[in-house]
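Asks: Chains as they are written, first to last, in the working numbering: chain A, 7 to 238; chain B, 7 to 238.
Any given hint could turn out to be false.
Because identical chains share one entry, a pair is satisfied inside a single copy or across any pair of copies.
[To be verified] Derived pair list, reagent style SDA-like, types lysine to any residue, alpha-carbon separation capped at 25 Å:
| id | residue 1 | residue 2 |
| --- | --- | --- |
| 1 | Lys141 | Tyr109 |
| 2 | Lys35 | Lys172 |
| 3 | Lys147 | Glu118 |
| 4 | Lys151 | Tyr211 |
| 5 | Lys215 | Val125 |
| 6 | Lys151 | Val174 |
| 7 | Lys16 | Ser61 |
| 8 | Lys35 | Asp201 |
| 9 | Lys165 | Arg101 |
| 10 | Lys194 | Glu114 |
These aren't lab readings, by the way, just hints derived from the structure by calculation.
Listed below, chain by chain, are the residues.
Protein chains: 2
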Amino acid sequence: MKMVRKKVPKATINRLPLYLRGLVNFYSKGERVVSSTRLAELIGTNSAQVRKDLSFLGEFGIRGIGYEIEKLIEELSQFLGLAQAKKVIVVGVGRLGSALLGYNGFKERGFEIVAGFDVDPSKIGKEMNGVNIYKMDSLRKIVKKIGVDIGIITTPAQKAQEVAEKLVEAGVKSILNFAPVSIEVSDKIPVRNVDLSVEFQILSYYLSKGEKSIIKRGNEKRFGEGGKPSIK
Amino acid sequence: MKMVRKKVPKATINRLPLYLRGLVNFYSKGERVVSSTRLAELIGTNSAQVRKDLSFLGEFGIRGIGYEIEKLIEELSQFLGLAQAKKVIVVGVGRLGSALLGYNGFKERGFEIVAGFDVDPSKIGKEMNGVNIYKMDSLRKIVKKIGVDIGIITTPAQKAQEVAEKLVEAGVKSILNFAPVSIEVSDKIPVRNVDLSVEFQILSYYLSKGEKSIIKRGNEKRFGEGGKPSIK
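Given only the sequences and the hints, what does the whole structure look like? Please build it.
Replies: Below is the structure:
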């Protein structure tokens, strides 16, 4: 038995779920072995980076052949801590919150939404896709009782920071924030900020690239109305 | 007037919307100048990287002072092509598709959802948050008529590839795919794959890290039932 000390770069950690996703896709199509080149193409990196990323899991690629897909799926699942089911709550059961409550794909992957929270009396006490919606005042009690791994924030932007602090106070172990604002909590609590409009903006860049592979600098164009920043 | 040729790394492009988001946040709090160090902290990189990223926009940081927030917001908006409003359609008006149709934050940012598409007769012909839902057969006609910058796929996984091909065929210029499967289209069409469970898996890693800062290798643990991959 060999001991491996982990010092895994953030960028590697961010890529590991993407490998996993691709591998599961290959496996479901009947493939059993995959090369680092193919994995690299899949996620838009190079094969040296793939081999480096996967080396953090141990040494089990076979030179000239590649990786056994099933084994790699298991190793990645283990490495990412996916063997243990995670308990998830959703704070803010608006449109996006409801969509997350209703999406069954998370449970299949071991992430079970166990409760929803909202301030709207018309939602409190109701059930949505088998999940009870509670009032915010019950947050601490319920988190203490059931133990919560991930708290999802789907509140309006101006409530997100306050909710994040309440989640940490209640003992939620990590946060996934969908509100379009950056939240700050203790360094001990992992936080991922998801802003769907970021994806749109990245596409926007590529869409506009054609028109301006050379851009002119020095002309002070202003945006929106009255020269105010055009992004809210 | 200076001409700048762009060869912007993908990773830089992916970070630019994050800077923009943070800057808008700072601006709304009354701040007017920001240092590269502060921007670096905000998005989890270092100040040299920030300066390098922003240098693609031109040379307008002031040594020892930092960046004028308003000016940087304008430059970033310009660079990302956000000055021109983008037309967006959503294919698959299930829970997530509905949530996207109902989210007003995109429009505020210049991304307007102009139509929805579905195969469900009970949805076709209806209106949702002011957006008409059409049958899939109308896709080509409507895209030709209005011109579409971004096609969002929120169908089940098994339909995503087929829908992606239809979108490209109809003339949609880029694709944002939320279905949990990788899609492949012509290299000329920018595609962003968004898989929300990837975010959960990244958090899962950090959650499990405490328990296994040293991991043992060599013991072949298997997952789920019957040693099958535990991820669907």
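Asks: Which numbered hints does this structure break?
Replies: 5 and 10
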